[in-house]
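Student: Line order of the protein sequences matches chains A and B.
Under my numbering, the first residue of the first sequence is numbered 1, with each subsequent residue one higher.
Under my numbering, the first residue of the second sequence is numbered 1, with each subsequent residue one higher.
There is no bait here: all hints are sound.
Below, a list of computed lysine-lysine pairs in the DSSO-like style, where the Cα atoms sit at most 27 Å apart: (1) A:11 with B:208; (2) A:46 with B:211; (3) A:11 with B:211; (4) B:212 with A:46.
Reference listing, derived: stretches of chain A covered by chain B, where coverage requires no fewer than 3 residues with Cβ under 8 Å from a Cβ of chain B: (5) 35–44; (6) 82–93; (7) 568–575.
Counterexamples of contact, computed for chain A against chain B with all Cβ distances above 10 Å: (8) 22; (9) 70; (10) 202; (11) 238; (12) 250; (13) 325; (14) 333; (15) 335; (16) 449; (17) 468; (18) 481; (19) 593; (20) 599.
These aren't lab readings, by the way, just hints derived from the structure by calculation.
Note that CB positions come from ideal geometry on N, CA and C, so glycine has one too.
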Amino acid sequence: MKLLADERDIKFVLYEQLHVEELCKYPAYSDFSQELFDMVIDQAEKLAEKELYPANKLGDQQGCRFEDGVVRAPEAFHKAYRHYCEGGWLAIADPPEVGGQGLPFVVANAALEFFSAANWALIMYPGLTHGAARLLQKYGTPRLQNIYMYKMFSGEWGGTMCLTEPGAGSDVGNLTTRAVRNADGTYAIQGQKIFISSGMHDLTENIVHMVLARIEGAPRGTRGISIFLVPRLRVDENGNLVENDVVCSGIEHKMGIHGSATCSLNFGENGNCVGYLMGQENKGMRIMFDMMNEARLFVGMQGLGHASAAYLHALQYAKERLQGAPVERMKDAAAPRVPIIDHPDVRRMLMFMKSSTEAMRAMLHLAAYCIDRERVAESEEERELFQGHVDLLIPICKSVGSDLGFRVCETAIQVYGGYGFISEYPVEQFLRDCKIASLYEGTNGIQALDLIGRKLTMKRGQLIKNALKTTREMLIKFRKNFRLNELAQIYEEAEENLVQVTKFFALKSMTDEFHVPVLYAKPYLDLFGDVVMGFVLLWQAHIADRRLQEIYRDHNAKDEKAQKRLIQENRSAAFYFGKIASAQFFINQVLTQAAGKARGIMNNDKSPLEVPVDGFVLG
Amino acid sequence: MLEDLLKKGGLAVNIAVLLKQTPDTESVIRIAGDGKSIVTDDLKWIINPYDEFAVEVALRLKEKHGGSVVIVSWGPQRVVESIRTALAMGADSGVLIDDEALEGSDSLGVAKALAAAVQELNPDIVLCGSRAVDYDEGQRGAMVAELLGWPHLALGVAVDSDGSKVQIDRPIEGGKVAAEADLPAVATLGGSHAVWNPRYASLPGIMKAKKKPLANKKLADLGVDPSECGAGAAKIRVTALEMPPERAAGRIINGDLDTAGKARELVRALHEEAKVI
Ligand SMILES: Cc1cc2nc3c(=O)[nH]c(=O)nc-3n(C[C@H](O)[C@H](O)[C@H](O)COP(=O)(O)OP(=O)(O)OC[C@H]3O[C@@H](n4cnc5c(N)ncnc54)[C@H](O)[C@@H]3O)c2cc1C
Numbered sequence: 001m002k003l004l005a006d007e008r009d010i011k012f013v014l015y016e017q018l019h020v021e022e023l024c025k026y027p028a029y030s031d032f033s034q035e036l037f038d039m040v041i042d043q044a045e046k047l048a049e050k051e052l053y054p055a056n057k058l059g060d061q062q063g064c065r066f067e068d069g070v071v072r073a074p075e076a077f078h079k080a081y082r083h084y085c086e087g088g089w090l091a092i093a094d095p096p097e098v099g100g101q102g103l104p105f106v107v108a109n110a111a112l113e114f115f116s117a118a119n120w121a122l123i124m125y126p127g128l129t130h131g132a133a134r135l136l137q138k139y140g141t142p143r144l145q146n147i148y149m150y151k152m153f154s155g156e157w158g159g160t161m162c163l164t165e166p167g168a169g170s171d172v173g174n175l176t177t178r179a180v181r182n183a184d185g186t187y188a189i190q191g192q193k194i195f196i197s198s199g200m201h202d203l204t205e206n207i208v209h210m211v212l213a214r215i216e217g218a219p220r221g222t223r224g225i226s227i228f229l230v231p232r233l234r235v236d237e238n239g240n241l242v243e244n245d246v247v248c249s250g251i252e253h254k255m256g257i258h259g260s261a262t263c264s265l266n267f268g269e270n271g272n273c274v275g276y277l278m279g280q281e282n283k284g285m286r287i288m289f290d291m292m293n294e295a296r297l298f299v300g301m302q303g304l305g306h307a308s309a310a311y312l313h314a315l316q317y318a319k320e321r322l323q324g325a326p327v328e329r330m331k332d333a334a335a336p337r338v339p340i341i342d343h344p345d346v347r348r349m350l351m352f353m354k355s356s357t358e359a360m361r362a363m364l365h366l367a368a369y370c371i372d373r374e375r376v377a378e379s380e381e382e383r384e385l386f387q388g389h390v391d392l393l394i395p396i397c398k399s400v401g402s403d404l405g406f407r408v409c410e411t412a413i414q415v416y417g418g419y420g421f422i423s424e425y426p427v428e429q430f431l432r433d434c435k436i437a438s439l440y441e442g443t444n445g446i447q448a449l450d451l452i453g454r455k456l457t458m459k460r461g462q463l464i465k466n467a468l469k470t471t472r473e474m475l476i477k478f479r480k481n482f483r484l485n486e487l488a489q490i491y492e493e494a495e496e497n498l499v500q501v502t503k504f505f506a507l508k509s510m511t512d513e514f515h516v517p518v519l520y521a522k523p524y525l526d527l528f529g530d531v532v533m534g535f536v537l538l539w540q541a542h543i544a545d546r547r548l549q550e551i552y553r554d555h556n557a558k559d560e561k562a563q564k565r566l567i568q569e570n571r572s573a574a575f576y577f578g579k580i581a582s583a584q585f586f587i588n589q590v591l592t593q594a595a596g597k598a599r600g601i602m603n604n605d606k607s608p609l610e611v612p613v614d615g616f617v618l619g
Numbered sequence: 001m002l003e004d005l006l007k008k009g010g011l012a013v014n015i016a017v018l019l020k021q022t023p024d025t026e027s028v029i030r031i032a033g034d035g036k037s038i039v040t041d042d043l044k045w046i047i048n049p050y051d052e053f054a055v056e057v058a059l060r061l062k063e064k065h066g067g068s069v070v071i072v073s074w075g076p077q078r079v080v081e082s083i084r085t086a087l088a089m090g091a092d093s094g095v096l097i098d099d100e101a102l103e104g105s106d107s108l109g110v111a112k113a114l115a116a117a118v119q120e121l122n123p124d125i126v127l128c129g130s131r132a133v134d135y136d137e138g139q140r141g142a143m144v145a146e147l148l149g150w151p152h153l154a155l156g157v158a159v160d161s162d163g164s165k166v167q168i169d170r171p172i173e174g175g176k177v178a179a180e181a182d183l184p185a186v187a188t189l190g191g192s193h194a195v196w197n198p199r200y201a202s203l204p205g206i207m208k209a210k211k212k213p214l215a216n217k218k219l220a221d222l223g224v225d226p227s228e229c230g231a232g233a234a235k236i237r238v239t240a241l242e243m244p245p246e247r248a249a250g251r252i253i254n255g256d257l258d259t260a261g262k263a264r265e266l267v268r269a270l271h272e273e274a275k276v277i
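The whole structure should be built from the sequences, with the hints applied where relevant.
Tutor: As structure tokens, then:
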């Protein structure tokens, strides 16, 4: 059994649910075929299993080392990183003009699932490089692109995103790094950044930083932020690489992702740090928003990757670990010991992990697919529709991917019992590595504010209206299957709960109780996530049920007994049965709670805000 | 061509790799109702790992001496993905013998079809794995060599060629044999993943692979009579498949005992329960 990601389920999402092979009918993807997508995914899986995963634990144990201003990535990372770059995996979905393969984004995302499950700490390096290279591609001058961009898309040089400062975490607008105009059109950069992933390391010869800074005299807050390309080594007039006054003053020691270097960087300590403006002055925040969707989806994929690996490891363990008697012979000391997967409580945990992982997978690949549809749209209206879906989904993908991913990792430890807590087994590392996903790239609290503050209000609420229109149209189809009627009913009620809370928020935001939506933004995001996941699973059940009935028919399995036997014997039947079971579990166990969650929010309980700080605890 | 010939280290060699598609070694295998075959629905298929070594060897020889690498395989259309994967690794072209008549063939039947395809391609060297991870019959290379009347160098763990000969190293108990044969010849490969480290198909390689020639052939195209190599001609019949017995649980000797006590308990358990001493 493979233990990183469920390839069969990925292909179910891609071809049976989203039909990504139909993207090939658009000119942008007409060179490709399903067979080619399969090859890409298979090779990604192979690389993940054979090179990335073996370096995962080694990277965790050795970590990064900081010696004399130099940061060394784990030794085991070098070979894997080389294989990754040589294979062209850094630029799967980027245009051939920049050295990419031009594949659909959703196919790149499927490959990423294997990579993120195999070794997230390692994938951070090319991941950040990719983000920085994309920014350069969109906002850089041809000259800068020629010097820096191609080497980034090939992985020869690294890249980073430098936002955070001691006083500017969630509040990016509070940053103090300064940029002063030089006579030649460049800028002198001065300031300190902290927590910069891949800020300094020895996997690449050079690193290109994208630094947020304030130009002298620019307005305070986010309106006065600009972005600069600041290479560690800059290319001078003669084409030589020279030091650019960027120094690493230390690295963090962390709970997880030990293999990823988290660096403090000092820019321009000697007044000799050159930065090149990206886009226009003071438009930095707008550029960040433009790059944000892909970056946040990337972090959501981290949660999915860890969840997927944790689930599959726990499943494998549960099939092998013998402990206890079967529930029917609980008191019989002579009863044979059974694998723990036979215990109902373990089953329940495994089903929670299975359904959550599959729901996240469908949701995240759906978001990636919508990005493709936005790219290939044939009318402005169509493009706007899909962009709206993406904008709405992103904070949910990032937040739910990371939070639920973490919970799946935690449940994996629970399935292992005491062994799960022991470093010899891999699941505790998954949990440690996963935690950061809810923190960086905008904490999940900030994601919730993005959802209620920006996404719900964009285009006067059109985003959620369009999403609901789509789900309701599809629901009519699902409703036609009487076997799914009850699940569809629960879903519809949950969706209605979400609509009620959304209206409640809209009303409150116009009164002096506007802080109530802010207070309950995160529970609202979670409820939204439940509804989205319930929907994609119901959709999957609709497809799986049709396939399963076909298999029953093909094998002439008419009665319950014959069907039961078939799902034991036939691999496809087992798979589709499992898909329906995921939908049933999630909808019955999670989605039924929507009413309670909605009520919790709409009870308008303001006590968390009213309680005096001393009321938390008398100091 | 001249360029190829002038490459250092000898003359260019044209190589045919016989490639079999097998179930993924990580797949859970189930025996079908007939007790003689496996359930193949929704199964994941890969290049037989030993044949993947052969692809790697062929590509290294080509890199060193010039020449070309053609992949020859058989089976239904799903095999195309495996051939394309070998093309993505760097092979030049492929031939798939997709003929229903081959269903139920034994090794000899398949070898007849492969030998006919090889004859048409007229390579200098034929390479393939010494075994396949599915049924492990270990006959394909030897039979193809026999049918062609070519020498067969078995179980190579190192392979080289100067364009007129092919040399292999074969590990034997306590040492190794170096052997060579004049071309044309067949060499089958042993070793393991760690010996050969077959390369990964890169994304640019995958893109190029889709444009490389891949011919579909029927037995008739190769001048082979289906009745000579199909199920009807099979002389070997698989009579049964069986799963290995399930592993019993391990047992940990009581942790409260001291070392001597644990040793005593271990001896007792081995003697009385396991009955192995
Ligand atoms: C391992 C690691 C890697 C990182 N990599 C990078 C990187 O590559 N580049 C980079 O620029 N940064 C990076 N960061 C920084 C990361 O993005 C920040 O830590 C994050 O944005 C949160 O900022 P903070 O830590 O200052 O927390 P704070 O902003 O102090 O937040 C503390 C808590 O308060 C909440 N909070 C803050 N403001 C609000 C508000 N207005 N409303 C509601 N709640 C609020 C937060 O949600 C959080 O729960 C990294 C951090 C780590 C730990």
